[in-house]
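Number of protein chains: 2
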Amino acid sequence: MKCAVCRGPAVIDLRRHNANFCADHFLKFCRDQVVRAIDEHDMIEPGERVLVAVSGGKDSLALWDILLELGYDAEGMTIELGIGDYSAASTDAAVAFAERRGRTLGRIDLRRDYDYDIPTAAAVTRRVPCSSCGLSKRHLIDRAALDGGYDVVATGHNLDDEAAVLFGNVLHWHTDYLGRQRPVLAERIGARGAGAGTRVFPRKVKPLVRLNERETAAYCVLRRIDYVVEECPMAEGNRHLRYKEALNAVEAASPGAKQAFYFGFLARAVDRFAPGADGADDDLRACARCGSPTTGDVCAFCRLIDQVGGHDPVPVELVRPRRGSRRRRAPTKRPSGQAATGARNSAGSAT
Amino acid sequence: MKCAVCRGPAVIDLRRHNANFCADHFLKFCRDQVVRAIDEHDMIEPGERVLVAVSGGKDSLALWDILLELGYDAEGMTIELGIGDYSAASTDAAVAFAERRGRTLGRIDLRRDYDYDIPTAAAVTRRVPCSSCGLSKRHLIDRAALDGGYDVVATGHNLDDEAAVLFGNVLHWHTDYLGRQRPVLAERIGARGAGAGTRVFPRKVKPLVRLNERETAAYCVLRRIDYVVEECPMAEGNRHLRYKEALNAVEAASPGAKQAFYFGFLARAVDRFAPGADGADDDLRACARCGSPTTGDVCAFCRLIDQVGGHDPVPVELVRPRRGSRRRRAPTKRPSGQAATGARNSAGSAT
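Residue numbers (my numbering), protein chains in the order written: chain A, 1 to 351; chain B, 352 to 702.
One should not assume that every hint holds.
[Claimed, not checked] Partial pick of chain A residues on the chain B-facing surface, computed with a CB cut under 8 angstroms:
(1) 173
(2) 238
(3) 242
(4) 264
Bear in mind the hints are in silico, worked out from the structure with no lab data behind them. Where is the CB? At the ideal position from N, CA and C, for every residue including glycine.
Working from the sequences, and respecting the hints, build out all of it.
This is the structure in structure tokens:
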């Protein structure tokens, strides 16, 4: 097995590209794919300040590393989710990378700063954990980017992620989601009321859409970046993973199928689902509580805090998804003013 | 397990409908689903003459049986494909059903009537067998319907088929196929040249789109209809079956996923892929050879006959798909006028 570039011994074979690479040329391949994604989709302009959403997994650390290698001014932001050992290890990996590269890593701890965590939120809302987790991360990263004056938020979504989300969206024909599933979401300017004329959402970009998760993992290994290998224990058995498995079966028989699926969608279909040009931004107003843009009076994040903040922590083990039983008994909220008994609850709510 | 209708002992559970049925109410359920499909999509008007494309498998025989039970004037048409024992058994099943119901079954034998068969066509064209098979069946059934004065052609495509085709079409974003993937294809009237003002394509309908293949099989078993159980030996390992497997994995975890996928597409997406209203029919002209509508000078069927007619038959066993080897050596054509040596070649070409 020889490197397609230098004919030296190859360390990885990429079936969908019908090519093998040595370590150096594989790392170059990864950087080139990111450069191409950034260029083709106008993700980041030279000199812009980038906030990388860092989980501590292979994708976000590879992304941060590549952006730094490419010379971007990229700082990190991580959210401590309170998912037991998994979250602790994730934060450790993110902190270690930031220290090694001498870069700033912003940190929010859901329990310390907002008096909840993801297992407790899942138990109280009786919804899949990924629901409150995604909502929390989006809200807090967007807010941090706006407050910190960053031009753009970069997330580590890779080709496998995007293809699986796309598969889920076409399985249900969520036409609104399909119309927005692009590797770049433009920033949005408030149209009226509080926030009018100012940025209410930062631009958000996915520079890893041309790399799959095997490739980002190999990138980290070759770059000696320690990342959390385990999947989130709360995501086990979720739909997104099932969609990945279904697509993996197709990809195994037809290498390149996922790439054709995702980029074919961008080339020939996404525009057909675009919302009307009448500007849905007009419906956005400032959240009465936190000022974030929302279509209602109070944003979804503040409503989540109202519902789940101040509950005693529920251990991960009690919330793990069990097939066939989606409903669980919700924990009771402790009376206002009473101290939390859970060890992870070290501070009051920030809201 | 009790019947959802009469509370008698149930013989089948339908997870996606969250219901069990006894034999009588399951048969009624199947008929009701066909009635609903016909009504919702304006497939067949009372009194119209229907030509059912009959393979001898569970779907086409269930379809023919249900249409007869519902009082439609439905006759059958079968194409003998020359796929060894499989084709022989298929024809036997179709003939037996027609005799039992005292109905007309038209028969075309590719080798007898056109001097080729599907294994030979696959070997000569070096393409997957399903390619020449689908082309041949579509052409000959359409032609038979027009020549026989039938109002509509009914095919046995079920929900699993349509969902798998849809999955393949979105995986590749074949936007033209997506725009035409409906349970009814309207008849088309020639716009100019030979055939102008007359029907050049019959209306084609898929009344089984609300039933899956487990249901059509159960229908046949309960109605004591003998059908060919084996899958076509030449389809083994083809993409369509892989797409079915991938969707089956999703369906197993989320009963109803396929139905939501297919009917969600019809409700919210297919119109977005519709061809412009400028009428692609204008591009259709009569095939210089057979008079069938085509966008070129000679239709795809006549070109297939030119290429594959008159070759010595290639046994199925030599053409079976082998993973990883798509190319095979094409057999040589016998000189014009020389008799075929193959046992199945009992007549000269019809074209």
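Report task. Compare the structure with the hints numbered earlier in the document and write down the numbers of the violated ones, lowest to highest. Result -> 2
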